[in-house]
Every structure is written in C-alpha cells, then in structure tokens.
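Colleague: Residue numbers (the working numbering), protein chains in the order written: chain A, 21 to 345; chain B, 279 to 565; chain C, 14 to 331.
Just to be clear, a hint being listed does not mean it is correct.
[Claimed, not checked] Just so you have them, the derived chain A footprint on chain B, three or more residues with Cβ under 8 Å:
| # | region |
| --- | --- |
| 1 | 448-462 |
| 2 | 477-490 |
[As the list claims (entries may be wrong)] With a cut-off of at most 30 Å between alpha-carbon atoms, the simulated DSSO-like pairs for lysine-lysine come out as follows:
| # | chain 1 | residue 1 | chain 2 | residue 2 |
| --- | --- | --- | --- | --- |
| 3 | A | Lys258 | C | Lys318 |
| 4 | A | Lys283 | C | Lys278 |
| 5 | A | Lys167 | A | Lys191 |
| 6 | A | Lys283 | A | Lys258 |
| 7 | A | Lys216 | A | Lys191 |
| 8 | C | Lys98 | C | Lys278 |
| 9 | A | Lys216 | C | Lys278 |
| 10 | A | Lys107 | A | Lys191 |
| 11 | A | Lys107 | A | Lys216 |
| 12 | C | Lys157 | C | Lys210 |
| 13 | A | Lys191 | A | Lys283 |
| 14 | A | Lys258 | A | Lys216 |
| 15 | A | Lys191 | C | Lys278 |
| 16 | A | Lys216 | A | Lys167 |
| 17 | C | Lys210 | A | Lys283 |
[Said to hold, decoys possible] Covered stretches of chain C, going by a simulated chain A footprint (3 or more residues, C-beta under 8 Å):
| # | region |
| --- | --- |
| 18 | 161-175 |
| 19 | 197-209 |
| 20 | 225-231 |
| 21 | 242-256 |
| 22 | 260-268 |
Hints were generated in silico from the structure; no laboratory data involved.
For glycine and all other residues, C-beta sits at the position ideal for the given N, C-alpha and C.
So you can see what is in the structure, the chains are spelled out below.
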Amino acid sequence: MPLLEVRSLVKQFPVSTGLFSRRWAQAVDHVDLTVNAGETIGVVGESGCGKTTLVRCLLRIIEPTSGQVIFEGDDLLGLDQPSLRAKRRDMAIVYQNPYLSLSPRLAVRDLIGEPLLTHTSLRGRALIDRVVENLEAVGLSADHLNKRARELSGGQAQRVAIARALALRPKLIVLDEPTSALDVSVQAQVLNLLVKLRAEFGLTYLFISHNLDVVQHLADRIAVMYLGRIVEFGEAEKLFRRAHHPYTMALLASTPEPDPDIKESSVALEGSVPSLLAPPSGCHFHPRCPWAQDRCRAESPALRVEEGRLARCHFLVERLPALKN
Amino acid sequence: MTILARWFGSRFAPDSIPARLRHDPLAIFSFLVVLTLILAAAFAPLLTSRAAEGLGEPNPVEKFAPPSAEHIFGADHLGRDLYARVLFGGRTSLAMGFLVVFVAVLIGTPLGAVAGYAGGWVDEIIMRVTDIALAFPPLLLAITIAAALGPSFTNAAIAIALTWWPWYTRIVRAQVVTLRERPFVESARIMGVNGFTIIVRHLLPNALSPVIVQATLDLGSAILTGAALSFLGLGVQPPTPDWGQLVSTGRVYFPDRWWYVTFPGLAIFAATLAFNLLGDSVQDANT
Amino acid sequence: MTLPLLEIRGLRVSFSTPAGVFRAVNDLDLTLERGEIFGLVGETGCGKTVTALALMGLIPPTGRVAASRLSLDGVDLLSPRNLSKVRGRRMAMIFQDPAASLNPTFTIGQQLSHVIRHHLRLDSASTRRRAIELLNDVGLAEPKAILRAYPHQLSGGMQQRAMIALALASGADLLIADEPTTALDVTIQAQILRLLKSLRDRHGLTILLITHDLGVVAQTCDRVAVLYAGCVAETALTAQLFRAPKHPYTHGLLGALPRPGSRGKLLSAIEGSVPSGISATAGCPFAARCPSVMNRCKTEPLPLKSVADAHAVACHLY
Chain A
21 MPLLEVRSLV KQFPVSTGLF SRRWAQAVDH VDLTVNAGET IGVVGESGCG KTTLVRCLLR
81 IIEPTSGQVI FEGDDLLGLD QPSLRAKRRD MAIVYQNPYL SLSPRLAVRD LIGEPLLTHT
141 SLRGRALIDR VVENLEAVGL SADHLNKRAR ELSGGQAQRV AIARALALRP KLIVLDEPTS
201 ALDVSVQAQV LNLLVKLRAE FGLTYLFISH NLDVVQHLAD RIAVMYLGRI VEFGEAEKLF
261 RRAHHPYTMA LLASTPEPDP DIKESSVALE GSVPSLLAPP SGCHFHPRCP WAQDRCRAES
321 PALRVEEGRL ARCHFLVERL PALKN
Chain B
279 MTILARWFGS RFAPDSIPAR LRHDPLAIFS FLVVLTLILA AAFAPLLTSR AAEGLGEPNP
339 VEKFAPPSAE HIFGADHLGR DLYARVLFGG RTSLAMGFLV VFVAVLIGTP LGAVAGYAGG
399 WVDEIIMRVT DIALAFPPLL LAITIAAALG PSFTNAAIAI ALTWWPWYTR IVRAQVVTLR
459 ERPFVESARI MGVNGFTIIV RHLLPNALSP VIVQATLDLG SAILTGAALS FLGLGVQPPT
519 PDWGQLVSTG RVYFPDRWWY VTFPGLAIFA ATLAFNLLGD SVQDANT
Chain C
14 MTLPLLEIRG LRVSFSTPAG VFRAVNDLDL TLERGEIFGL VGETGCGKTV TALALMGLIP
74 PTGRVAASRL SLDGVDLLSP RNLSKVRGRR MAMIFQDPAA SLNPTFTIGQ QLSHVIRHHL
134 RLDSASTRRR AIELLNDVGL AEPKAILRAY PHQLSGGMQQ RAMIALALAS GADLLIADEP
194 TTALDVTIQA QILRLLKSLR DRHGLTILLI THDLGVVAQT CDRVAVLYAG CVAETALTAQ
254 LFRAPKHPYT HGLLGALPRP GSRGKLLSAI EGSVPSGISA TAGCPFAARC PSVMNRCKTE
314 PLPLKSVADA HAVACHLY
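Next comes chain A alone, as it looks inside the complex (with noise of 0.2 Å):
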C-alpha cells in the first residue's frame, strides 16, 4: 500500500470577473499522485501550474473540490476535525522562507516544542531534551535554544524550520521550495541535510519546486505540471535524461548550466504561461508547442505510459524514435 495517494482531486476558485459574474480556475485538474514509503517525489513546474494548490489539497489547508487524498489507507478528505488533527502528527510541511514560517514572536525552544506539546506527553526537562535532540539532528545546538528566528541566519533558520517538521518523525514531510529563498552555500547545506535526515530516519519526501536541478538532486520520480495537469511523471534520472514532454523539455532547456560549454538548447518557449481562467483548448500545452498539430488543439491528451514512464501527449509515440537520436 503506497503511504499516500491521491486520486483525481480537483480544486476550482472562484474568480469574480466583473461586479456579477465569476468563472472558476481549475488550480488542480485531475491529479493523480503515489508516493511510496521511503521515496522522494518531486513536483516541478513555473508559477501558476498548481503545484502549491496541490499540496495545500492534499494536506488539507483548503479543501479540494473533489477527488480522494489516501493517506496510510484513510481518505483525509472523509476525516472528522478530530481525526484529522490525530492524522497530521504525521504530516508535516517545511516552506520557502523559514522567517515567515516560524512565528516571530516564538524562541526556538518553543518553536520544536510545539508539536511535541500538541501531540505528546513530554513536558519539563524530557521536552527540552526532546527539543535539543531535534536540534542536533539538524545541525544546530542547544545555543540556540533561547533565539528567536530573526536572530539566526536565513540557513539555521531553515535548520530550525526542519527539525520542527520533524520533530514528531511524521511519516510525510512536504517540502514547499525549501531552498528558494537560501543563498547558493547555505542551499547546498541544506539540500545535505534532508539527504541525511531521509537517510536516518527512513523519511519520505514531497518536494516542490521550480528549480530543476534542485528536485532532482533529490527525487527518486519526478511529477512536471502545466496549468493544474501532470503532464509527465516517471523516474528522475530517465525523465532527465531524455524528457518525453515537449513541455518537461522546454523546462529542462530553459534551465540555465552553471557551465558555459553547454550551450543553451534550441527548444526554446514563445509565450507565457495562459490564465488559469481561459485554459487553451485540448492539450493546455499546444499554443507554446514547436510540434502542436489539429488534433492538439481539439482533444485533451490523457496520461499514458511508454516506456514505464507517464506522459499527457498524442504524439508521443510518433516523437519517440526522434527523442531517442
């Protein structure tokens, strides 16, 4: 049983148009996602393509429109409040910037002790320990007890933000671009702690991202969005290594080398990303697309496997051979 599976959820917003009328923006599009014990998955894609949206569905921060989010065999949309509550000590989240995810006001004492004060019985001297066994699983010491988050620099804050996460060893950590807002030293230090930690304690990872490279420095499989929809999904180094999508191949081109003997590729975009609000017909991807032909533009494309790996295209059959040279 895969520990978390999530099943054709959907999430439409209301946008209010004019003083009367509204449309809705489908921010998630029938997305279906497994994530094993133990695996990494990452999610990638630009801004607007649903990813956030997602993993605020599948934890439940908003409710999804429709759809089933199956965590350890329970669909969490059917949980009671007090369920749910009981259900997210293993669930946690790490964001962007660790400045407006920890409270301002709070110590890091009081930070890590939280979930442990919300869902266990430590309290006292056991709970400090607690709190500083967390802290020097992530690098940091019980120096930093007393500090507020403002104190700390931009990567211990992000440290204190994990061991937060982790402080009740959840089953599922949502990693939501947990590097982003980090300078590139201290992103690869942290990048070497969630290794560790995954290593350690058997962790699984959901990680969101824009940054290619940084997803699949980490991922085990990789899930690229466009406009609400996968539009490919399959094992991080094959998906790297030759991208089925014309989209997961315009992303990876479009990704800048830090090495200027590999030149930037030919596949290049036009355009931007459409509104949500006025999807293109069929395929979402064909307005941008270099192979879009009639049949793209009239009939949405489903997920299909080739070569043990998913992806949303109707001519992926006939660009195989092409990819392959």
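Let chain A serve as the given structure and place chains B and C on it in line with the hints.
Modeller: Frame of chain A, contents of chains B and C only:
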C-alpha cells in the same frame, strides 16, 4: 530605494520599539511629562502639606486667594489650595484614562482576535455588534447611564469604555485577518494546534503593536473625554476633585479668578498633549 | 587601446547603522569594455546591488560613497552635476520586480513617450514611431496594443521587456540589470536573457548583469566578477572562471550547485554564513569559511593578483 531599505532593514532592524524610542528626543520629552504627571498623582500626599484640602476639606479663610508663595496655583471658592486640588484631581483623571483604555483593550482585543480568526458568521456577528457600539456617541451614552445608575467615577468609566472598545476590535481583527494567512499560522494549523492556542501564541503577540500605539494615543483622548464628563457633572462627584470638574466649577469665576480654570485646564492640556506626542512617536517607531 | 566604457576604482560604500558602520562595498575595482555583458555575481549582502546603486547615485543619505575613480566613457560620475546629466540618458537600470518599477497609473505608451520626449525632444508623431520601434526591439509583439496597456495588464515577462524598452528609450550605452530574471519563471527567464544578448549583438549595448545565479552567468556573460563581502574575490572571462576557478570561494560556489549527475552525492557546501560586514577584517574576508586558510590570510590585506590573461584573484594561494 525600497529595495535597499528592505534589504537593509532586515539586517539591522533594532529589535524593539523602546530601543528606537530612545533615539527620539520628542518621545523622551513626552514620556518624561507623562511620567511626571503620573508620579505627581501617585505621590500627591507627599507633594503638598494641604492634602486634606486636596481631598475636599474647605478652608473658608483663604477663599479665592490669588497665586502666591503660599498657594502657587491660588485657592478656590471654598479656600482650598488649587495646587493640592490639581494634584489629587490628577489621580481621578489619569485613573479614568487608564481604566477606560484598559477595559476597552480587554474587551476589544479578544473579540477582534476571535472575529478575525474564526471568520464566517462569528465574524459577522461580532463586527455588527461592534458597528452598533460605534454608533453611540460617548457623551450621550454617558448621560443615559448617569441618568439610570447615577453619576459616579465608575459609571463614567463604564460609559466611555463601552463606546471605546470597538476601535480595538477593528484594529485587532484587521491584523489577525492578514496574519491568519501567514505560513507560520498555517504551519501551526497543519500541526494540529488548536484554535485557542493559535490565537494566544501566534496571532495576538504579533497583532499587539498597533494596539499599543492606539492605546497610547487613546490615553490622551480618554482623559479628555473623562474630563468632559466631569465638566458636565456626570463623573466624579464633589468633594473628590477631577480636572474636568475643577474647570467646570472654576469657569463661573473666570476671568476675575482666572487661576481657578487655568491650572486644571493646563493639566488637562499637558496630559493630553504628552500622551498624543508619545503615541505619535510609538507609531513612528513601530513602522 | 580605447577608453573602457565604465571604470570603477577603489569604490567604497558604507552605511552607519545603530550596530556600527556597515561596509557594503570595500575597495572595489571594475572595468567594463564596450559591448560586453559583464556578470556581477555573489550571495546576499555581497555588495552587488549597492555597487549598482552607487553607480546610479541612488545610495540613500545614510550611506557614504567614496571612490578614487568612477567614470562612464570619460565622464566623472563622482560629480553630482555630471551624474545627473548621464543618469537615465547614457546609463539606465532595470530591477528585479518590473511591476514595482513601472508606474501603475500610466499606460506603457505614456511612460515611454515621457522618457523619449524628455531625452530626445521629438514631436509627438516621431515619439510614437520611436516608441513602437522600441517595443518591437524588445520583442513585444503587437506594440500598438502594448502602448495602450497598463502595466498590470501585462505578464511579468512582458513587463520586464517594457522596462528594458523604457531603459533604452533615452539611448543608453550602459544597462545595469539588477537580478532582471529572478522573479520570472525559467522559460520566461530564458527569453529575457536571449533578449539581452540580442540587444548587445544588435546595438552594441553594454550590460552590467547583477545576479546570484551562476547558471545565468554561464549562459549570458562574457566576463564575470565574483563578489564576496564587498570585495572582488575573482574576475575572469566566463569560460575561464567556470573551467578553472581559482578562488576557494568560487570553487565552493560551483561545488555547491546541484546539477545533473549530483544525485546521491553530497554537495560541497561552504560552511558558515556570509559575514555581517560590521566588523572590518584586516585580511581576507573569506578566511573564516575558507577550507585552505593560512595564517597570513587573517592578517595581510590582499590585492587582486593577475593569474592569467584577464583572470585575477584576490587570494594568498596565488
């Protein structure tokens, strides 16, 4: 410039409002004035040899004595030393100001926090009640309460506080509504922390600085409103003195016995101005 | 040898703060040749943005700017009169957030014509022609519709293009681009970087590109300077710097990047964090974090030393 300010501000933000106020001469000055008034009121019996007169005991011999070395503020129509009257009147007036603001904050803050955090119909009900309370003119309400329960210090304070708390509800609600969406609150919610704890630990501490600013600014106005009620005879009853009531009694004898209204009036003026200046400085330091 | 377009010698910028004097830029030397894209790369607080603001004369009054030489095409920028003549006319600046730099209450057309009329004194028909030409130039399709549009009606990428058009409207030789693509998506970032390169190729525009992203530098810049704590740590041709980095900090930065093939390996993170800049160090500012630190690094000041043609390093190892 905003870029630099943001980048720069994050590094060297002095940690607290008091730390910033220390560099503001006007703030220091107004704080000293406020402190002097409070200390003078608190230690009134030690600052005058005529404490009994201050509390209301007549001394007909000295009736309307003009300011002199003996009576630096002069004496009133019952011969009581006005310096002592003003000192003791400060006790009532300042207490009125602090009590009103304290009660208003005490009622307004939790209501605002609950309204902002809960949203939905809870928010709707609290805010409509707030609107209704705001619609009462303080003086009119005070007159009504005084008519119903009789004029007294407590009733005046209740009347003012009842029209004052809605401002705090609005301020706190506005803060909480924006704070509620912040990742640190969301993170606590995902962790399964209950609503009460979220409000007390995560929302209120971060919503309080505008409340402190408003409270400082309001102390001046509350003292002024309290004085106005006493002036109308709806507050403290003689012989206990109050600045507003002293001005009210003294105005009959103006301008011949000018000192009777002038010195209590100056006290009201000084207190209101000092609290307003201090409030402004706190507000500046907070932004 | 022709005169370089921009010459900076011994630039120092400091701010007095309650915590002490913060040295944002410390003895910085830079030379930009005409028609090159020069990358200024570094982490938060390394002084890259402050350098740009100092060039534009935009340092707030709490800051002190000093330099032994600061000149654009021979014009001394240290004189406020010269600076105001040159600023906006011969050098222009674009920022990370185009939405905040464009005035939301005027159309793109109004903002463009304002700049064109102010600097070039054209009549209204030629102003409009010039505006359309500029919008075409920055790759905005349907320029006539864009002229009528308000900033909020454009996407982030289009806003940044409009900003570039505004910056070029006065005929600037030097474009200072401060993190111009950081707020944009990767596919849009690629478009903007291509635009910058094509403007250099077609008009000989000189660009000072400020960024924290080494990938952007590798793909866009001809030469690059790596900044650390307000000093140049290393400067070189882009290819030289990426193939044979000399400074331990540059080494560290490159090793810290996750990239295809880094899976499962530990990244060579630089320990510690960037110094605050409040306490002045006698020696190398990187000494505290440097894996190959020697005793003299902590005490002896170090100038940039040339290690190869166009390649200079501020490090005692060389």
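Colleague: If you count the residues of the region 225-231 of chain C with a beta-carbon closer than 8 Å to a beta-carbon of chain A, do you get 3 or more?
Modeller: holds (count 7)
Colleague: Holds or violated: lysine 216 of chain A with lysine 278 of chain C, Cα cutoff 30 Å?
Modeller: This hinted pair holds, its Cα atoms lying about 11 Å apart.
Colleague: Straight-line Cα separation of lysine 191 of chain A and lysine 283 of chain A no greater than 30 Å?
Modeller: violated (41 Å)
Colleague: Does the structure keep lysine 258 of chain A and lysine 318 of chain C at a Cα separation of 30 Å or less?
Modeller: violated (44 Å)
Colleague: Is lysine 283 of chain A close enough to lysine 258 of chain A, meaning Cα to Cα at most 30 Å?
Modeller: holds (21 Å)
Colleague: Could you grab the alpha-carbon distance between lysine 107 of chain A and lysine 191 of chain A and see if it respects the 30 Å cut-off?
Modeller: holds (10 Å)
Colleague: Hint check: lysine 107 of chain A vs lysine 216 of chain A, CA-CA at most 30 Å. Holds or violated?
Modeller: holds (25 Å)
Colleague: Would you check chain A against the region 161-175 of chain C, counting CB to CB pairs closer than 8 Å, and say if three or more residues qualify?
Modeller: As far as the region 161-175 of chain C goes, the hint holds, because 4 residues have Cβ atoms under 8 Å from chain A.
Colleague: Quick one, are lysine 191 of chain A and lysine 278 of chain C close enough, alpha carbons at most 30 Å?
Modeller: holds (24 Å)
Colleague: Is the hinted pair lysine 167 of chain A and lysine 191 of chain A satisfied, with a Cα-Cα distance of at most 30 Å?
Modeller: holds (28 Å)
Colleague: Counting residues of the region 448-462 of chain B with a beta carbon closer than 8 Å to any beta carbon of chain A, are there 3 or more?
Modeller: As far as the region 448-462 of chain B goes, the hint holds, because 3 residues have Cβ atoms under 8 Å from chain A.
Colleague: Taking only the CA atoms, is the gap from lysine 216 of chain A to lysine 167 of chain A under or equal to 30 Å?
Modeller: holds (25 Å)
When held up to the earlier numbered hints, the structure conflicts with 3, 8, 13 and fits the remainder.
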